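**Student:** Chain by chain, the residues run as shown.
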Amino acid sequence: MGDEVVRLDKVRRDYLVGDQITTALDSVDLVIERGEFVAIVGPSGSGKSTMMNLIGCLDRPSAGTVMIAGDATNSLTDNQLTSLRSKAIGFVFQQFQLLPNTTALENVMAPLLYQGISPKQAKKSATDMLVKLGLGERLNFDRNRLSGGQQQRVAIARALVTGPDIVLADEPTGALDSKTGAAVIDLLKELNKEGRTIILITHDLDIAASAPRRVFLRDGLIERDERGAA
Amino acid sequence: MRLLGTASLALNRIWATKIRSLLTMLGVVIGVAAIVALTSIVDGASQGINKSLATLGTNQLNVTSMFPDALSELDARALAELDEVSVMFVQSVNEGTIATGDTRVNARLVGVSSQYFEAVKPDIAIGSYLSSSSYAASAKDVVFGGDAAGDLGLTKDMLGKTVKLNGQDFRLVGILDDQVGFGTSGRVYVTLDAARKLFSQYPYVSSIVVQAKTPEQVDALQFSADALLRERYGLTAEAETRYTITNQANLIAAVGSITDTLGLLLTGIAAISLIVGGIGIMNIMLVSVRERTREIGVRRAIGAKQSNILTQFLIEAIVLSLAGGVIGLILGEIAAFALAIIGDWVFAIRLDTVMLALGFSLLVGVVFGVWPARTAAKLEPIDALRFE
Numbered sequence: 001m002g003d004e005v006v007r008l009d010k011v012r013r014d015y016l017v018g019d020q021i022t023t024a025l026d027s028v029d030l031v032i033e034r035g036e037f038v039a040i041v042g043p044s045g046s047g048k049s050t051m052m053n054l055i056g057c058l059d060r061p062s063a064g065t066v067m068i069a070g071d072a073t074n075s076l077t078d079n080q081l082t083s084l085r086s087k088a089i090g091f092v093f094q095q096f097q098l099l100p101n102t103t104a105l106e107n108v109m110a111p112l113l114y115q116g117i118s119p120k121q122a123k124k125s126a127t128d129m130l131v132k133l134g135l136g137e138r139l140n141f142d143r144n145r146l147s148g149g150q151q152q153r154v155a156i157a158r159a160l161v162t163g164p165d166i167v168l169a170d171e172p173t174g175a176l177d178s179k180t181g182a183a184v185i186d187l188l189k190e191l192n193k194e195g196r197t198i199i200l201i202t203h204d205l206d207i208a209a210s211a212p213r214r215v216f217l218r219d220g221l222i223e224r225d226e227r228g229a230a
Numbered sequence: 001m002r003l004l005g006t007a008s009l010a011l012n013r014i015w016a017t018k019i020r021s022l023l024t025m026l027g028v029v030i031g032v033a034a035i036v037a038l039t040s041i042v043d044g045a046s047q048g049i050n051k052s053l054a055t056l057g058t059n060q061l062n063v064t065s066m067f068p069d070a071l072s073e074l075d076a077r078a079l080a081e082l083d084e085v086s087v088m089f090v091q092s093v094n095e096g097t098i099a100t101g102d103t104r105v106n107a108r109l110v111g112v113s114s115q116y117f118e119a120v121k122p123d124i125a126i127g128s129y130l131s132s133s134s135y136a137a138s139a140k141d142v143v144f145g146g147d148a149a150g151d152l153g154l155t156k157d158m159l160g161k162t163v164k165l166n167g168q169d170f171r172l173v174g175i176l177d178d179q180v181g182f183g184t185s186g187r188v189y190v191t192l193d194a195a196r197k198l199f200s201q202y203p204y205v206s207s208i209v210v211q212a213k214t215p216e217q218v219d220a221l222q223f224s225a226d227a228l229l230r231e232r233y234g235l236t237a238e239a240e241t242r243y244t245i246t247n248q249a250n251l252i253a254a255v256g257s258i259t260d261t262l263g264l265l266l267t268g269i270a271a272i273s274l275i276v277g278g279i280g281i282m283n284i285m286l287v288s289v290r291e292r293t294r295e296i297g298v299r300r301a302i303g304a305k306q307s308n309i310l311t312q313f314l315i316e317a318i319v320l321s322l323a324g325g326v327i328g329l330i331l332g333e334i335a336a337f338a339l340a341i342i343g344d345w346v347f348a349i350r351l352d353t354v355m356l357a358l359g360f361s362l363l364v365g366v367v368f369g370v371w372p373a374r375t376a377a378k379l380e381p382i383d384a385l386r387f388e
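Top line first, the protein sequences correspond to chains S and F. Per the UniProt record's numbering, the very first residue in the first sequence carries number 1; after that it's consecutive. Per the UniProt record's numbering, the very first residue in the second sequence carries number 1; after that it's consecutive.
These are computed hints drawn from the structure, not numbers from a lab. It is possible that part of the hints are untrue.
What the hints assert, rightly or not - SDA-like, lysine to any residue: derived pairs with alpha carbons at most 20 Å apart: (1) K132(S) - L187(S); (2) K124(S) - D352(F); (3) K120(S) - N12(F); (4) K378(F) - S27(S); (5) K305(F) - P100(S); (6) K305(F) - K10(S); (7) K305(F) - V370(F); (8) K123(S) - L3(F); (9) K305(F) - P119(S); (10) K305(F) - S118(S); (11) K87(S) - Q306(F); (12) K378(F) - N79(S); (13) K156(F) - A136(F); (14) K197(F) - T162(F); (15) K120(S) - L3(F); (16) K123(S) - L4(F); (17) K378(F) - S83(S); (18) K305(F) - L187(S); (19) K305(F) - S75(S); (20) K18(F) - Q306(F); (21) K378(F) - D71(S); (22) K87(S) - G163(S); (23) K123(S) - G163(S); (24) K18(F) - L99(S); (25) K213(F) - T246(F); (26) K10(S) - M67(S); (27) K18(F) - T103(S); (28) K305(F) - I117(S); (29) K87(S) - S307(F); (30) K305(F) - N79(S); (31) K123(S) - V370(F); (32) K305(F) - G116(S); (33) K87(S) - K18(F); (34) K87(S) - V370(F); (35) K18(F) - N101(S); (36) K305(F) - K124(S); (37) K378(F) - L84(S); (38) K378(F) - P119(S).
Keep in mind the model is a prediction, meaning the values are calculated, not measured.
Can you build the whole structure from these sequences, using the hints too?
**Tutor:** Printed below as a string of structure tokens:
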């Protein structure tokens with residue numbers, strides 16, 4: 001057995017919509033090992049958002065076990081789940097989701113500060129990460145003064161700065177033009193080469209094709225799990 | 001995240017939405033300013049009244065009458081003989097005219113017995129009080145109240161010169177500095193003997209003031225003074241008198257209780273405006289939580305605990321309220337300062353008022369901030385992230 005960062009065992013997630021139970025994921029098994037670059041692909045309603053929420057420690061399964069970096073999320077309290085999320089997951093969102101009224105630097109510092117790291121140390125780490133991603137000139141820009149591609153790079157810096165086990169990117173190119181989107185994908189590939197585990201959630205088959213492993217979801221089930229070049 | 005970091009988040013947000021924050025604070029600003037200004041008014045007013053009353057001292061009794069012939073100097077002398085009395089003086093207040101050169105105006109010509117100045121000690125601007133030699137010689141000397149002196153345009157170089165009271169020549173020996181409380185405004189003072197010469201008809205005794213040796217003896221003195229006067233006029237203990245004995249201490253206490261009640265009433269009104277201000281803050285905070293649902297979701301996703309979110313919003317409410325309190329305090333003190341000038345009382349920034357204002361605004365922030373902050377903290381991260 002390799003180093004599993006994600007393990008889903010017979011995971012089911014039901015939602016109560018009105019008075020009807022909808023099953024978004026049904027008995028799903030999935031293992032992702034450290035250092036993998038996996039695309040989770042599916043149309044809307046396929047259950048990929050639900051899977052992202054479960055892997056991202058934002059949600060708990062209705063049945064089955066979700067293990068993230070060795071911890072089962074089922075029985076964790078809200079605080080414990082937050083701690084696990086803070087330690088293990090770095091999120092990259094479709095709409096960048098930079099915090100309002102804050103600079104690039106403050107955005108990247110935020111996860112560190114929530115971990116209780118001193119502002120001084122957080123500032124240093126955040127600056128290093130932004131410099132590494134080519135944003136050294138824009139540390140004190142707020143989101144209104146950054147282009148889409150720059151905002152997404154700030155968001156990626158924010159996801160990486162805590163040194164998470166998993167970078168969870170939810171449609172990271174969705175709000176970008178294709179050229180900028182491609183640059184973001186290249187950045188993710190590069191990060192993967194450095195040994196980071198990247199999980200890319202997308203409905204776009206072309207984007208998915210850039211990942212060496214692709215998990216196709218349909219109607220709450222895993223339809224296919226492909227490896228190798230698409 | 002440390003508290004300081006959370007506080008700076010709150011400040012950032014408040015600064016980023018300056019106009020809205022200011023409007024949100026307005027209720028608290030008005031409430032606190034009202035408390036501060038009203039406290040100062042009540043304070044100043046009771047200060048003024050108490051000063052007027054206390055001029056004569058709290059261990060004094062004032063025997064007065066509306067009838068010209070009700071009290072005599074003999075009554076005064078008899079009262080002075082009472083065991084409890086340390087000082088006694090008599091005032092005889094009459095309407096008359098004062099004149100110098102071509103200027104002639106009406107004034108109150110007050111005959112006072114020799115112990116008046118010593119007992120009351122009104123502030124003197126120029127010259128001196130009526131001296132014991134004035135009394136010994138029954139000299140026609142006069143001390144002007146500041147107002148009366150102003151009416152005639154008297155200045156320093158008029159000291160020792162002649163002024164006319166009811167057409168008679170008097171020598172000006174002093175001018176008082178009229179102060180709130182001394183009741184010297186519009187009056188001129190002469191000896192009782194001189195007053196008698198001015199008013200052959202009735203230089204009657206308007207008031208007899210007796211001072212007890214100690215404040216504890218005031219009540220006993222009141223009793224014996226009343227008994228003495230009843231005896232002198234052949235009145236039974238139940239009969240109506242033509243004079244009134246006023247106890248300064250009782251008067252001060254009565255005024256005190258009125259101003260206390262007034263203060264309580266005004267504080268109540270101010271408290272209501274603070275509550276309204278608090279509801280304003282709560283309302284805006286709830287709107288803010290809703291508007292920032294996505295932000296809350298993102299913060300949760302990147303590692304904020306419920307407690308971090310709670311603290312962030314609570315501090316924001318507290319900062320809003322406290323800032324409103326500080327602005328209100330400053331405005332209130334400015335208003336109090338202006339009122340003190342208008343009302344001619346002493347302006348002082350009282351520490352308890354400052355603490356009350358800041359304490360109340362802090363309390364308002366906490367009380368009305370908790371619910372919105374809890375609402376924010378309780379949001380499920382996935383719902384918050386999905387919120388459009």
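**Student:** Taking the hints in turn, state whether each one holds.
**Tutor:** Hints, one by one, checked against the model:
{"no.": "1", "hint": "K132(S) - L187(S)", "verdict": "11 Å, holds"}
{"no.": "2", "hint": "K124(S) - D352(F)", "verdict": "45 Å, violated"}
{"no.": "3", "hint": "K120(S) - N12(F)", "verdict": "19 Å, holds"}
{"no.": "4", "hint": "K378(F) - S27(S)", "verdict": "29 Å, violated"}
{"no.": "5", "hint": "K305(F) - P100(S)", "verdict": "19 Å, holds"}
{"no.": "6", "hint": "K305(F) - K10(S)", "verdict": "29 Å, violated"}
{"no.": "7", "hint": "K305(F) - V370(F)", "verdict": "16 Å, holds"}
{"no.": "8", "hint": "K123(S) - L3(F)", "verdict": "17 Å, holds"}
{"no.": "9", "hint": "K305(F) - P119(S)", "verdict": "18 Å, holds"}
{"no.": "10", "hint": "K305(F) - S118(S)", "verdict": "17 Å, holds"}
{"no.": "11", "hint": "K87(S) - Q306(F)", "verdict": "16 Å, holds"}
{"no.": "12", "hint": "K378(F) - N79(S)", "verdict": "12 Å, holds"}
{"no.": "13", "hint": "K156(F) - A136(F)", "verdict": "25 Å, violated"}
{"no.": "14", "hint": "K197(F) - T162(F)", "verdict": "17 Å, holds"}
{"no.": "15", "hint": "K120(S) - L3(F)", "verdict": "15 Å, holds"}
{"no.": "16", "hint": "K123(S) - L4(F)", "verdict": "15 Å, holds"}
{"no.": "17", "hint": "K378(F) - S83(S)", "verdict": "17 Å, holds"}
{"no.": "18", "hint": "K305(F) - L187(S)", "verdict": "30 Å, violated"}
{"no.": "19", "hint": "K305(F) - S75(S)", "verdict": "17 Å, holds"}
{"no.": "20", "hint": "K18(F) - Q306(F)", "verdict": "26 Å, violated"}
{"no.": "21", "hint": "K378(F) - D71(S)", "verdict": "24 Å, violated"}
{"no.": "22", "hint": "K87(S) - G163(S)", "verdict": "8 Å, holds"}
{"no.": "23", "hint": "K123(S) - G163(S)", "verdict": "15 Å, holds"}
{"no.": "24", "hint": "K18(F) - L99(S)", "verdict": "18 Å, holds"}
{"no.": "25", "hint": "K213(F) - T246(F)", "verdict": "17 Å, holds"}
{"no.": "26", "hint": "K10(S) - M67(S)", "verdict": "12 Å, holds"}
{"no.": "27", "hint": "K18(F) - T103(S)", "verdict": "18 Å, holds"}
{"no.": "28", "hint": "K305(F) - I117(S)", "verdict": "14 Å, holds"}
{"no.": "29", "hint": "K87(S) - S307(F)", "verdict": "17 Å, holds"}
{"no.": "30", "hint": "K305(F) - N79(S)", "verdict": "6 Å, holds"}
{"no.": "31", "hint": "K123(S) - V370(F)", "verdict": "31 Å, violated"}
{"no.": "32", "hint": "K305(F) - G116(S)", "verdict": "11 Å, holds"}
{"no.": "33", "hint": "K87(S) - K18(F)", "verdict": "36 Å, violated"}
{"no.": "34", "hint": "K87(S) - V370(F)", "verdict": "29 Å, violated"}
{"no.": "35", "hint": "K18(F) - N101(S)", "verdict": "12 Å, holds"}
{"no.": "36", "hint": "K305(F) - K124(S)", "verdict": "23 Å, violated"}
{"no.": "37", "hint": "K378(F) - L84(S)", "verdict": "19 Å, holds"}
{"no.": "38", "hint": "K378(F) - P119(S)", "verdict": "27 Å, violated"}
When each numbered hint is compared with the structure, violations occur for hints 2, 4, 6, 13, 18, 20, 21, 31, 33, 34, 36 and 38.
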